[in-house]
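Colleague: Throw the hints in and build the complete structure from the sequences for me.
Residue numbers for the sequence shown, in the numbering used here: 1 to 76.
To be clear, the hints were calculated from the coordinates, so they are not data collected in a lab.
Incorrect hints may appear among the rest.
Beta-carbon label-pair distances, calculated as ranges [to be verified]:
#, residue 1, residue 2, range
1, R49, A70, 15 to 25 Å
2, L11, K31, 37 to 47 Å
3, R66, G45, 16 to 26 Å
4, P30, D65, 31 to 41 Å
5, A27, R49, 11 to 21 Å
6, E73, P30, 34 to 44 Å
Just so it is clear, CB atoms sit at the ideal spot from N, CA and C, and this is done for glycine as well.
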Amino acid sequence: MSAYKVDQRHLFHNGREFHFVSYEGAAANPKRNEPAGAACWFLMGPGKRWEVMPQDCGAPAEDVDRSLIAWLEENL
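Modeller: Following this line, the structure appears as structure tokens:
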């Protein structure tokens, strides 16, 4: 069983709430020619999610929030 703990952040930016969720990376699958994936943050939407950035498990929550807001400013 995996020891990975999913993390969530609810951030308010420009009057809107954004929901981010971290997902565990996937192991490589040579049979399907798929490379390994790192743990990442995703922006959640209705029935959809968008990859935002790799997750740094050791980063303080304030740094994660700043990085996620910087991503919002660049991409919205």
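Colleague: If you check each hint against the structure, which ones fail?
Modeller: Going through the list in order, the structure violates no hint and respects every one.
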